[in-house]
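Colleague: Sequence:
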Amino acid sequence: MSQAREQCGIKHQDVEYRTLVSECACILLFLITAGSVSGYLFSVPALYRIFPDGPATNLLTALTVGCCAVSILCFLHDKRRLMAYFLMLSSLVLIFKLLSYYTHLTVVLDLDREITLFHQRYGDHKTNQMGINTVWMMVLLTSSLWFSFYRRHLFAQALAMLSFIIPSISIVGYVFNLNSFYGQMSLNTIICGVFMIFVTLSINAKYGLIHALLATTVSGRLARVQCFSGIVFALGLSIMVVRWRNDIDINVLLPVIIISLFWFLLLQAFSSAMVFSKIEAKRQTMEKKLIHAAQYDPLTGLYNRMAFSDESHKAIQRQSRDGGNICVLLIDIDFFKNINDTYGHDVGDKVLRCVASTINRTVRNTDIVGRFGGEEFSLLLPNTTWEEGLHVAEKIRIRVAQLGLSSVVGKKEKVSVSIGCSTIDINHPSLDESLKWADLALYDSKNSGRNQVQGEMGLTTLRSRAKRYSNC
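Take 1 as the starting number for the sequence shown in full-length UniProt numbering and just add one per residue.
Hints in this document: simulated from the structure, not taken from any laboratory. Worth double-checking, as some hints may not be accurate.
When the alpha-carbon atoms are kept at most 20 Å apart in a straight line, the in silico PhoX-like pairs for lysine-lysine are as follows [to be verified]:
1. 350 to 337
2. 314 to 395
3. 206 to 337
4. 414 to 350
5. 446 to 436
6. 446 to 314
7. 289 to 278
8. 278 to 337
9. 414 to 395
10. 278 to 288
11. 446 to 414
Derived Cβ-Cβ restraints for the label pairs, each shown as a range [claimed, not checked]:
12. 211 to 427: 15 to 23 Å
13. 220 to 292: 28 to 36 Å
14. 267 to 242: 21 to 29 Å
15. 239 to 269: 46 to 54 Å
16. 161 to 45: 29 to 37 Å
17. 17 to 282: 26 to 34 Å
18. 52 to 237: 27 to 35 Å
19. 242 to 78: 28 to 36 Å
From the three backbone atoms N, C-alpha and C, an ideal C-beta is built for every residue, glycine too.
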């Protein structure tokens, strides 16, 4: 119970932490977009155009980012209707921008100049538009938030991760000064996009791929290591390509890139195989331990009652098919309660182990031995006649009586067993009925003075047996 409460507490803390981080990221998005808008209002170009000759953050971009940030905050505080309003506003802007890029409608083509304030004043013939890469990034992120709104978390994750391709390409462009990689996407827009992707994945982190990636399991740690190594490898490979692109022939560089990718993926596969093979080996070991714990009595090493019943039914089915006799024995340690009360449970456990070991040494490997409960043991002897069963029972009784347990239980105490014997009618096999009559025979054995074997012929009818034991 305490572990369950502790786990619930950890999960609650995790949810609170993710909510806090998401809220902080949304606030940071507000600050960046507010800074861009302030740059337009107060004529500070550095706030919306970090590099003097680079792209600027368009007011439409700031508007859509702000709407998405507010919608995320609404999602975090369960204001679903308000979230839908802001997402619809962002969606309308993006739809108009897509139409402006993929249609020839002049009304739509002039959307930026019509509704974006200060565009004419601060354009200065420099890049100041909501570029197609920015539009598609925001389309994917807005769609991801719509899926989050409708609780389709896996689709939301997929679109958010897909949208990360666009800012990552732009980052590479800025790092290596490749204008064609970032186009009209400003550095402010890239930062906003990365934070929005992070927050969108964070609010859906309890599900799917992100949940598996952030898990504290071995597979989660392996996934994080592989993701980090993939980023490092991609960065190193891109640096190599950019640095050597003018010095090495493309016919030489391309095979080097392909071979590098091949060996990197191969190493990733090998590392995964090694880790999961170890996990599988541990799982199989634990499975064997669980199976053993479910089937065997931990004190005596014999079958427990359930496993004894299962194995006995299998043996009875085989015997019914092949023919032959089956004998059932129930063994009870005499005055075991007195031993426990007088010498303690440690001594009682030693007696149980010694008696169990004696029974195991006396019977055949094909015989089934189990601890029936407490100080009782049960045996099923396939291919054993009535007389042979009595002989085995007598042999067990004598060997237990000869055990040198005086050093364990004291010189005054002697360990003995009473045994009830019954057989199974192969024509109408029933383990429960046979155990019932063996138990009645054991009752007879105890009433007759203990330390002896009593039994009933299994071939007699159940009615005659019932008449025999009606007074028990």
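Colleague: If a hint holds in the structure, say so; if it doesn't, say that too.
Modeller: A quick look at each hint next to the structure:
1. 350 to 337: holds, 14 Å
2. 314 to 395: violated, 26 Å
3. 206 to 337: violated, 55 Å
4. 414 to 350: OK: residue 414 and residue 350 at ~14 Å, within 20 Å.
5. 446 to 436: holds, 15 Å
6. 446 to 314: violated, 31 Å
7. 289 to 278: Given pair residue 289, residue 278 holds - Cα atoms ~17 Å apart, limit 20 Å.
8. 278 to 337: This hinted pair is violated, its Cα atoms lying about 47 Å apart.
9. 414 to 395: Roughly 17 Å separates the two Cα atoms, so the pair holds.
10. 278 to 288: With a Cα-Cα distance of about 15 Å, the restraint between residue 278 and residue 288 holds, given a limit of 20 Å.
11. 446 to 414: Between residue 446 and residue 414 the Cα gap is close to 16 Å, so the pair holds against 20 Å.
12. 211 to 427: 15 to 23 Å: Cβ of residue 211 to Cβ of residue 427: about 59 Å, so the range 15 to 23 Å is violated.
13. 220 to 292: 28 to 36 Å: holds, 29 Å
14. 267 to 242: 21 to 29 Å: holds, 24 Å
15. 239 to 269: 46 to 54 Å: violated, 25 Å
16. 161 to 45: 29 to 37 Å: holds, 34 Å
17. 17 to 282: 26 to 34 Å: holds, 30 Å
18. 52 to 237: 27 to 35 Å: holds, 31 Å
19. 242 to 78: 28 to 36 Å: About 47 Å separates the Cβ atoms of residue 242 and residue 78, which means 28 to 36 Å is violated.
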